[in-house]
Structure formats: structure tokens, C-alpha cells
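Colleague: Full structure from sequences and hints, please.
Each chain, letter by letter, is given below.
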Amino acid sequence: MDKNTHIINYTHRQAGHCESGATSNLFSFSGLEISEQMTFGVGNGLFFSYLPFLKLQFAPMITFRNFPNMVFKKGTENLGVNATVRKNIKNPKDAMDALDRNIMNGIPTGMQVGVFKLTFFPPEYRMHYNMHNLVVFGKEGNYYHVSDTVMETPQVISYDDLVQVRYAKGAFAPKGKMYWINSINPNPDFKTAIRKGIKRTVYDMIKIPFPLVGVKGIRWMARDLKKWPVKFGNDKASFYLGQILRMAEDFGTGGAGYRYIYGSFLKEAGTMLNNDGLLEASDMMGKTANQWREFTYIGARNCKDRSKPEEDYGMLSKMLIEIANNEEKVYKKLDKIIL
Amino acid sequence: MENNQNPGFKNKDFGQSKELFYYYQDGGAFDKKIGFHSEDDAMILQQAWDLFQERIEEARKRMQAGEISPIAYYMEKNLLDPLNLSMVAGISIWRVKRHFKPRIFGCLNEKTLKKYATAFNISIEQLKKAE
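Listed in order, the protein sequences are those of chains A and B.
Under the working numbering, the letters of the first sequence match residues 500 to 838, in that order.
Under the working numbering, the letters of the second sequence match residues -17 to 113, in that order.
Since the hints were derived computationally from the structure, they do not count as laboratory data.
All of these numbers come straight from a predicted model, not from anything done at the bench.
Heads up, some of the hints might be wrong.
DSS-like mimics (lysine-lysine), calculated; alpha carbons at most 27 Å apart, straight line [what the hints assert, rightly or not]: (1) B:Lys111 / A:Lys638; (2) B:Lys93 / A:Lys616; (3) B:Lys15 / A:Lys668; (4) A:Lys828 / A:Lys690; (5) B:Lys93 / A:Lys735; (6) B:Lys(-6) / A:Lys735; (7) A:Lys695 / A:Lys817; (8) A:Lys735 / B:Lys43; (9) A:Lys668 / B:Lys14.
Stretches of chain B that chain A covers, calculated by requiring three or more beta carbons in the stretch to come under 8 Å of a beta carbon on chain A [said to hold, decoys possible]: (10) 12 to 21; (11) 74 to 88.
Ideal placement from N, C-alpha and C gives every residue a C-beta, glycine not left out.
Modeller: Here you go:
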């Protein structure tokens, strides 16, 4: 054992969403037992935006989650956790030295990475996506022990590879961003945190006066979806539809664009605070999530067969509008609940 | 739904790892399960990779016919688009697009070639020969 080796006793739990999984694991390590869905809800990770003028892997950018690092930032803010975030570290060596210092002091450190060159990652996901999160919890010579919540077990990565992914370039470049927890209150005021989290999510989904985000974004996308086969031809329309489905279903999202996680959060919050309104809202959210899943399955079959495109796209578009209406009802209900 | 042979994937490396998925049953019970991708999920992912493969093949043919420069081919091979390539290589987008022309590519100096080679993670000789 040289002094370059130190492994922290860190519990790795697999999670549906990379950032809230990493955050909840970090909180649990520091002494606040918290589930993934609770972190996701309090850190208001739920979002929707449809940005047809930005292209991600040759298709319009659609996101079902909030901006990177939002869950950690809001989660720590709402739960009163003292945490440090360092970003825009110019020199990769500084970033790695800071990481080494943290590990030697026994602080597991979360960081934002790009997945294209992440060696242990499942090959089907290795695209240019720079908003992934993982936690480093140990160092052994030239290798780092990494807890990646997409994977079933902790992984190992070499120094050079870690520098590569931490300084991946392109859209939303991580630039060595890292975060860790200094101190935590083991009995935080969950009621206030849940209220703040829900309020912000409701604002994001129905109150932003801009057409491409939230429920209005889903409706806009539904209207565009109908036009794709005529506008771009069948192949491209099918690929664009695939992009919606990929974003909703995959990339460790737990399915249905995080709606399952959010519903599960509402359920936990409702049980914790004995609030029937929240439990009802969680039921509605769960049903909406099942609709999303149905939408993705029908969409996937449509991608495969490519039969009667105009009719199918029209039907999918109608389904999306219905989903948007149902979701709006959930947020309006949440808006009225007084906690 | 949960078996090792996932028919949605054509590529053998795909779909090897188990992931955590959330479920909801009517009646209000949320559930977490660790398992493999469902067939539909796998099909959606596979569709994207098929398309990338098609694009790469087409770019290879066009490069061999002398219509585009190796930079355009390697861009497709690395799943980049011109905007992302300009960010990764640190060269402005209009220059990147200009370098897609074989004639312009022939006049590039070592410094610029080096930038592209680093972005694609290959050597300059490989970039020039384009294999």
C-alpha cells in the first residue's frame, strides 16, 4: 500500500437517472438516507423542451430532464446541504490534483463527463453526450474506482481515460466540472424542500411564457410530428421519431422520460407527509407515464414497419396531445395543493 | 422481456449490461426492477446505429469517388456533425465545411491537420491516406 492508494467505503446503488442517482448516493454516504426519486423530485429534475433548431446526433434536440447539474444544485439548496461545485477548471492537471486531494481526504467526488470515450460504458450508448454524471470514490496507483449508476457494479478507469472524458469537447462540454459535499444536516426539513421542489417543477412545466418548453413544448412537438413525413420524407421522419423515443425511453432514464421517477417521488412525498392530494397526483402521473410508454412502443413499431406513415404519424401526434393534456392536469392539481 | 438473447440488437456487443427500470401498475404501486432492455427499446437504439452505419458507408463511397475529403468521412465515422467537429477540433465551422472539399484538403498545413487528427484520435498519415 503506497500513499497513492485510498479507497473510500462508498455504497454503490444502481439508479434510473445518472445525476439523481449519483446525488442520492452522495447524500447517503454523508449520512442522509434518501432515495433516488426523492432526490429527483426535490432537485426538480423533471422538464421538457423541444428545440428543433438545435441538432443532437442529426435530429432535433428533445430533452425530458433539466439542465446538467440542476438536480445536485437544487437538491443541496432545498435540503440545506453545504456543498462545493467547481467548474471551468482550465488545466486538466489541476482538476485531477483536486480530485486526488479529495480522495485522500475521504471525500467521494461527483463529476460531469462525456460518454463517447468512457471505456466501461455499454457500447450502444456511446454517442456524443456530455451530460453524464459519475462519482469517483477511490484511487489505486494509476487507476480510479468509479461508481456509475447506469452500471450494475462499480467500475475502474485509468488516469488518462478519466482526463479524456472529463475534458470531452462539444456541446455542453464538462470542462472538468466536479462537486462534493462538505457537511449535511441528517434531519432536514423535508416538507419545505418538497414544497419548493414541486413549486419549481410546476413553474417549469406550465408557467414559463415560452412555447417550446413544458407542456406547450409537448404540444408543439405533436403538431410538428404530423408534418415530418411530408416535410422530410419517410426515412428522416422515422429517424426523428426515433430520437424522441430514444430520449424518452433510454439512456438510463427509467423509461417514459422520467415520468415514472417523478410519480414515484410524488408517492413517497405523499406517504411521508400524509397528503392525499399528492398520492392522487402520483396516480395520475403513473398513468401518464404508462401512456408515454405506450406511445414509445407504438412509435417503435412504426419505425420498424413504416406502414401508412401519414396515418400513423397523425395517430401518434394525437396521442402526444392527449399526454400533454393529462400532464397539464397533474401540474394544475399540484399547483393547488397547499403543503 | 428479460432474457439474455435480446432480438432487438443485431450487434453482439450491445445489450450486455443490466439496467434499472421503473414500472407503474394501475392501483398506485411503483416498482423498480433491474433487467435487460426490452425488445422495443433495443430496436429504437439499433435503428440509430443502423443509420450511423449507413451514413458512414455513404461517406466512404463518396470519399473514394473523390467527391469529399477524408475529413468529411472521419467526421461521419466519429458520429460528429460539422458544428460538433468545429467545437471538438477548435476550428471555425465555415472553415470545417470548406475543408470537406478534396482540393482544399490537399492544401492544408500540418498544424490544421494535426488538430483534425487529434479530434479523430488518429495519426496525420492515417488521415491523409484515409483507410
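Colleague: If you draw a straight line from the CA of Lys93 of chain B to the CA of Lys735 of chain A, is it 27 Å or shorter?
Modeller: Answer violated: Lys93 of chain B to Lys735 of chain A is near 37 Å, above 27 Å.
Colleague: For the region 74 to 88 of chain B, count the residues whose Cβ lies under 8 Å from any Cβ of chain A; is that count three or more?
Modeller: violated (count 0)
Colleague: Hint check: Lys735 of chain A vs Lys43 of chain B, CA-CA at most 27 Å. Holds or violated?
Modeller: Holds, at roughly 21 Å.
Colleague: If you draw a straight line from the CA of Lys93 of chain B to the CA of Lys616 of chain A, is it 27 Å or shorter?
Modeller: 24 Å, holds
Colleague: Could you grab the alpha-carbon distance between Lys668 of chain A and Lys14 of chain B and see if it respects the 27 Å cut-off?
Modeller: 34 Å, violated
Colleague: Counting residues of the region 12 to 21 of chain B with a beta carbon closer than 8 Å to any beta carbon of chain A, are there 3 or more?
Modeller: Coverage by chain A holds here, the residue count being 4 at a Cβ distance below 8 Å.
Colleague: Against the 27 Å threshold, does the CA-CA distance of Lys828 of chain A and Lys690 of chain A hold or violate the hint?
Modeller: 23 Å, holds
Colleague: Taking only the CA atoms, is the gap from Lys(-6) of chain B to Lys735 of chain A under or equal to 27 Å?
Modeller: Holds, at about 26 Å.
Colleague: Are the Cα atoms of Lys695 of chain A and Lys817 of chain A separated by 27 Å or less?
Modeller: This hinted pair is violated, its Cα atoms lying about 33 Å apart.
Colleague: Lys111 of chain B and Lys638 of chain A were given as a pair; does the straight-line alpha-carbon distance stay at or below 27 Å?
Modeller: Between Lys111 of chain B and Lys638 of chain A the Cα gap is close to 40 Å, so the pair fails against 27 Å, i.e. violated.
Colleague: Within 27 Å, alpha carbon to alpha carbon, are Lys15 of chain B and Lys668 of chain A?
Modeller: Roughly 34 Å between the alpha carbons, so the hint for Lys15 of chain B and Lys668 of chain A is violated.
Going through the hint list in order, the structure does not satisfy hints 1, 3, 5, 7, 9 and 11.
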